[in-house]
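Chemist: Chains A and L, in that order, are what the protein sequence lines are. Start counting the first sequence at 1; every next residue gets the next number (our numbering). Start counting the second sequence at 1; every next residue gets the next number (our numbering).
Bear in mind the hints are in silico, worked out from the structure with no lab data behind them. Among these hints, one or two may not hold up.
[To be verified] Reference listing, derived: stretches of chain A covered by chain L, where coverage requires no fewer than 3 residues with Cβ under 8 angstroms from a Cβ of chain L:
| hint | stretch |
| --- | --- |
| 1 | 74 to 82 |
| 2 | 92 to 105 |
| 3 | 173 to 182 |
[Claimed, not checked] Pairwise CB distance ranges (calculated):
| hint | chain 1 | residue 1 | chain 2 | residue 2 | range |
| --- | --- | --- | --- | --- | --- |
| 4 | A | Ser124 | L | Ser166 | 16 to 24 angstroms |
| 5 | A | Asp69 | L | Phe30 | 55 to 63 angstroms |
| 6 | A | Gly133 | L | Lys67 | 13 to 21 angstroms |
| 7 | A | Thr192 | L | Met228 | 26 to 34 angstroms |
| 8 | L | Val165 | A | Gly133 | 51 to 59 angstroms |
| 9 | A | Ser70 | L | Thr148 | 50 to 58 angstroms |
| 10 | A | Asp69 | L | Trp40 | 43 to 51 angstroms |
| 11 | L | Leu33 | A | Gly183 | 52 to 60 angstroms |
| 12 | A | Thr129 | L | Leu227 | 27 to 35 angstroms |
| 13 | A | Ser71 | L | Thr34 | 29 to 37 angstroms |
| 14 | A | Val190 | L | Trp40 | 47 to 55 angstroms |
Ideal Cβ placement from N, Cα and C applies to all residues, glycine included.
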Amino acid sequence: MRASTQSEPKSRRHRRQSGATIIELSLLLFPTLAIVCGFLDIGMAIFSWTTLQNAVREGTRYAITYQTDSSGHQIQSIKDTVSTWSMNLVSATATASSPPAGCTAGNCYIKVDFYASPTTSDPSGVLVTGNAGQNAPGNIVQVSIVNYPYKWMAPFSGTLAGGFYQAPGSTFSISVDSADVLGGAPVSGVPTP
Amino acid sequence: MQRNPLEKRSSFRRRRHSQGGTEVVEFVIFFWLTFPGFLWMFVTGMNFVYMDKVNDVALAADLMVVKNQDMTLQGSQDIISRVATGLNLVTGSGPNGNSGGTGNGLLVLSTVQYIGTTTCTGCTNVGKYVFTKRIYVGNKSLQVNGSTVASLFGNPASALWDSTVSGTVSNNQTNTGAQTNATFAAMYSNTPIPDGQVVYVVESFFKPPFSFGGYAGSTNGVYVRALM
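Can you build the whole structure from these sequences, using the hints too?
Modeler: Structure representation (structure tokens):
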């Protein structure tokens, strides 16, 4: 008898409180998830950016030493190096017109350009990629990753991508560059570009 | 004696009612403590990322200077501009920065020489570090935190510096206006630079990526230097 008189208001209170708990949870869950997903999203974007930046830096350091890998060609060797250092985020075989799966034309590829060393008579430092002697000592090599698409995981990170709302899976592009002056040619001579 | 359940319920309601105000106070205190913390973390984190990129730019510029690239030429500055993709470094040509005073970054390139007795006997600047060259790349009137940025190692006197063509500092062995300030000398106090040798210094200043009205240090710029 005593137990029944005590348990009745307790259960009623419990029922009443459970509604409040659900409201509290629903109010808290969305902002909490937003913050957590924001941390993850921005963290991953920054990780991708710094990884790609480091990859082109290593590619440039590799380029100025005139080393080549099994491909025997300097440009392909540089791309292989960049791809390895990027943890294969970008493909070494992709080109502007032939992007890897999931990318559109003009995206997700490694670009290696050579510029003539600027001089007083020609201060512009013209692009000589594709010309004879493009990788001659003293020229400038520029290694770039063009438009690597970072896909947002959550929709509410879209504010950083330009608009207030971006759907999950929408992308923003990361492009990174590095450059240096090509060093002295090795004893074996300048390798085939 | 057993309490009336109705009495118990009303006391519960009173407690809930009185706790309502406390929760608001707790929330306000919690919010005011955590929000600046989150903002500071965000600002500092983004500045670190920015610094990594600026570090690359400073290194690329210094490596080009070391390899005797003429950094007053437009083509050389264009290369640096491309390396600084996303940082809004507006370059031009010549030693005096871009002509419009635009952009969010400035690179100060200095060549510093130690004048010993072998280099010059009886000169005014013997035993001193002097500027032999100074080139500005980017926005020379860049302001960070409300003041125009300046090299931490001082500036050569304007009368000695060729600000239009080469950026060279004349009379650097005999004129005290070519000397660096004490900060530079202090850096090399333990292992001084050998007589006549030079150090290529690149100092880079960039505006911060985000500015929340100066909140949580968000107007502090990024400064990175490279010495070779």
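Chemist: Against this structure, judge whether each hint is valid.
Modeler: Hint check:
1. For the stretch 74 to 82 of chain A, the proposed coverage by chain L is not satisfied: 0 residues have a C-beta within less than 8 angstroms of a C-beta in that chain, short of the threshold of three.
2. Here's how the stretch 92 to 105 of chain A fares: 0 of its residues keep a CB closer than 8 angstroms to some CB of chain L, so the rule of at least three is not met and the hint is violated.
3. Only residues whose C-beta sits within less than 8 angstroms of a C-beta in chain L count toward coverage, and the stretch 173 to 182 of chain A has 7 of them, enough to reach three; the restraint holds.
4. Taking 16 to 24 angstroms as the suggested C-beta distance range, the pair A:Ser124 and L:Ser166 conforms, at roughly 18 angstroms.
5. Between A:Asp69 and L:Phe30, the C-beta spacing of about 56 angstroms keeps the proposed range 55 to 63 angstroms intact.
6. Taken as a hint, the range 13 to 21 angstroms holds for the pair A:Gly133 and L:Lys67, whose Cβ atoms sit roughly 18 angstroms apart.
7. A beta carbon spacing of about 31 angstroms between A:Thr192 and L:Met228 agrees with the range 26 to 34 angstroms that was offered as a hint.
8. Under the hint 51 to 59 angstroms, the C-beta atoms of L:Val165 and A:Gly133, about 29 angstroms apart, miss the expected range.
9. Under the hint 50 to 58 angstroms, the C-beta atoms of A:Ser70 and L:Thr148, about 53 angstroms apart, fit the expected range.
10. At about 45 angstroms, the CB distance of A:Asp69 to L:Trp40 agrees with the hint of 43 to 51 angstroms.
11. Taking the beta carbon of each, L:Leu33 and A:Gly183 are about 54 angstroms apart, inside 52 to 60 angstroms as hinted.
12. Range check, A:Thr129 to L:Leu227: about 32 angstroms between beta-carbon atoms, so the 27 to 35 angstroms window is met.
13. Between A:Ser71 and L:Thr34 the beta carbon distance is about 53 angstroms. The supplied range of 29 to 37 angstroms is therefore violated.
14. Look at A:Val190 against L:Trp40: about 51 angstroms separates their beta carbons, and that is inside 47 to 55 angstroms.
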